[in-house]
Amino acid sequence: GNSVTQMEGPVTLSEEAFLTINCTYTATGYPSLFWYVQYPGEGLQLLLKATKADDKGSNKGFEATYRKETTSFHLEKGSVQVSDSAVYFCALSDRAGGTSYGKLTFGQGTILTVHP
Amino acid sequence: GAVVSQHPSWVICKSGTSVKIECRSLDFQATTMFWYRQFPKQSLMLMATSNEGSKATYEQGVEKDKFLINHASLTLSTLTVTSAHPEDSSFYICSARALAKQETQYFGPGTRLLVL
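Which chain is which? The protein sequence lines are W and L, in order. Everything in the first sequence is counted per the numbering used here, starting at 1 for the first residue and increasing by one. Everything in the second sequence is counted per the numbering used here, starting at 1001 for the first residue and increasing by one.
Rather than coming from a laboratory, the hints here were simulated on the basis of the structure. It is possible that part of the hints are untrue.
Unchecked claim - Beyond 10 Å from chain W on every Cβ pair, some chain L residues (computed):
| # | residue |
| --- | --- |
| 1 | Gln-1006 |
| 2 | Lys-1020 |
| 3 | Ser-1043 |
| 4 | Lys-1064 |
| 5 | Ser-1095 |
Said to hold, decoys possible - Computed list of lysine-lysine pairs in DSS-like fashion (alpha-carbon distance at most 25 Å, straight line):
| # | chain 1 | residue 1 | chain 2 | residue 2 |
| --- | --- | --- | --- | --- |
| 6 | L | Lys-1020 | L | Lys-1066 |
| 7 | W | Lys-49 | W | Lys-68 |
| 8 | W | Lys-77 | W | Lys-60 |
| 9 | W | Lys-68 | W | Lys-56 |
| 10 | L | Lys-1014 | W | Lys-103 |
| 11 | W | Lys-77 | L | Lys-1064 |
| 12 | W | Lys-68 | W | Lys-103 |
| 13 | W | Lys-103 | L | Lys-1020 |
| 14 | W | Lys-49 | L | Lys-1066 |
| 15 | W | Lys-77 | W | Lys-49 |
| 16 | W | Lys-56 | W | Lys-103 |
| 17 | L | Lys-1055 | W | Lys-103 |
| 18 | L | Lys-1064 | W | Lys-49 |
| 19 | L | Lys-1055 | L | Lys-1014 |
| 20 | L | Lys-1020 | W | Lys-77 |
| 21 | W | Lys-52 | W | Lys-68 |
Predicted, not measured: the structure shown is a model, and the values here were computed from it. No residue lacks a Cβ here, since even glycine has one placed at the ideal position from N, Cα and C.
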């Protein structure tokens, strides 16, 4: 079955530091890949996505590239801010069709804390 | 665009009572809605997938008689936790998928349920 593995957290950084959160996946076929962010006490917000190999998703200074050869979708940001403190989830969406189409498989989440 | 709301955001109830949670897509038609459960500091667990006008598909291990899901219109799905017990206390999150963008789910802000 499908699975998503994220680097374990928590990750603690100083403001303006470089961020990388690793994500690798196992899937049949050609899934779409997502990063979601969850701020304290809130639901998930779509941060970025990529739907095919070599696509780069980007938003709010974050970016991730769909690497089929390494089955990875690592999240990066060049300079983090205190407001980026949240939980980040990597996810994939099955394209198998039928009732399984669009089901999201999530990684375990990575807690990011950014200090001033 | 692509806003999903949930109501209520917080609910406290007595053991043995039933609680209904609403999930609405505010600015798009959602042919499919998903219900997730999230335990503290853990990832999201998919409970069920509901398609408008048909019965929900439950994930393995989720009691369909306990977690009743209704998706009566293209903008509304409800989750009813019947005869709630303290172990049902959790954060329940819904998401919705638009017909035109089937690879992307948009999440509601979540409902925190506490059963006393």
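Quick rundown of the hints versus the structure:
Taking the minimum C-beta to C-beta distance to chain W, about 7 Å, the non-interface status of Gln-1006/L is violated against the 10 Å cut. The Cβ of Lys-1020/L lies farther than 10 Å from every Cβ of chain W, with a closest approach of about 18 Å, so its non-interface assignment holds. A Cβ of chain W approaches the Cβ of Ser-1043/L within 10 Å, the least distance being about 5 Å, so the stated non-interface status is violated. Look at Lys-1064/L: its CB is around 14 Å from the nearest CB on chain W, clear of 10 Å, so calling it non-interface holds up.
Separation of Ser-1095/L from chain W is inadequate, the least Cβ-Cβ distance of about 8 Å not exceeding the 10 Å criterion. Distance hint between Lys-1020/L and Lys-1066/L is fulfilled; the C-alpha atoms sit about 12 Å from each other, no more than 25 Å. With a CA separation close to 14 Å, the supplied pair Lys-49/W and Lys-68/W stays within the 25 Å bound. Proposed proximity of Lys-77/W and Lys-60/W is supported: the alpha carbons are some 9 Å apart, at most 25 Å.
With a C-alpha separation of about 12 Å, the suggested pairing of Lys-68/W with Lys-56/W holds against the 25 Å cut-off. Distance hint between Lys-1014/L and Lys-103/W is unfulfilled; the C-alpha atoms sit about 33 Å from each other, more than 25 Å. Proximity of Lys-77/W to Lys-1064/L is assessed by CA-CA distance (about 42 Å); at most 25 Å being required, the pair is judged violated. For a cut-off of 25 Å, the pair hint linking Lys-68/W to Lys-103/W stands: about 20 Å separates their Cα positions.
For the suggested pair Lys-103/W and Lys-1020/L, the alpha carbons sit about 23 Å apart, so the restraint of at most 25 Å is met. Of the supplied pair hints, the one linking Lys-49/W and Lys-1066/L is violated, its CA atoms being roughly 34 Å apart against a limit of 25 Å. Straight-line distance between C-alpha atoms of Lys-77/W and Lys-49/W comes to about 15 Å, which keeps the hinted pair within the 25 Å bound. Note on Lys-56/W and Lys-103/W: the hinted pairing holds, with a Cα-Cα distance of about 22 Å set against a maximum of 25 Å.
For the hint linking Lys-1055/L to Lys-103/W, the alpha-carbon distance of about 16 Å falls within 25 Å, and the restraint holds. At most 25 Å may separate the alpha-carbon atoms for a hinted pair to count; Lys-1064/L and Lys-49/W exceed this at roughly 32 Å. Among the hinted pairs, Lys-1055/L with Lys-1014/L is inconsistent with the structure: their alpha-carbon atoms are about 28 Å apart, more than 25 Å. Using a Cα cut-off of 25 Å, the hinted pair Lys-1020/L and Lys-77/W is violated, with the two alpha carbons roughly 40 Å apart.
Of the pairs offered as hints, the one joining Lys-52/W and Lys-68/W holds, with about 8 Å between alpha carbons and a cut-off of 25 Å not exceeded.
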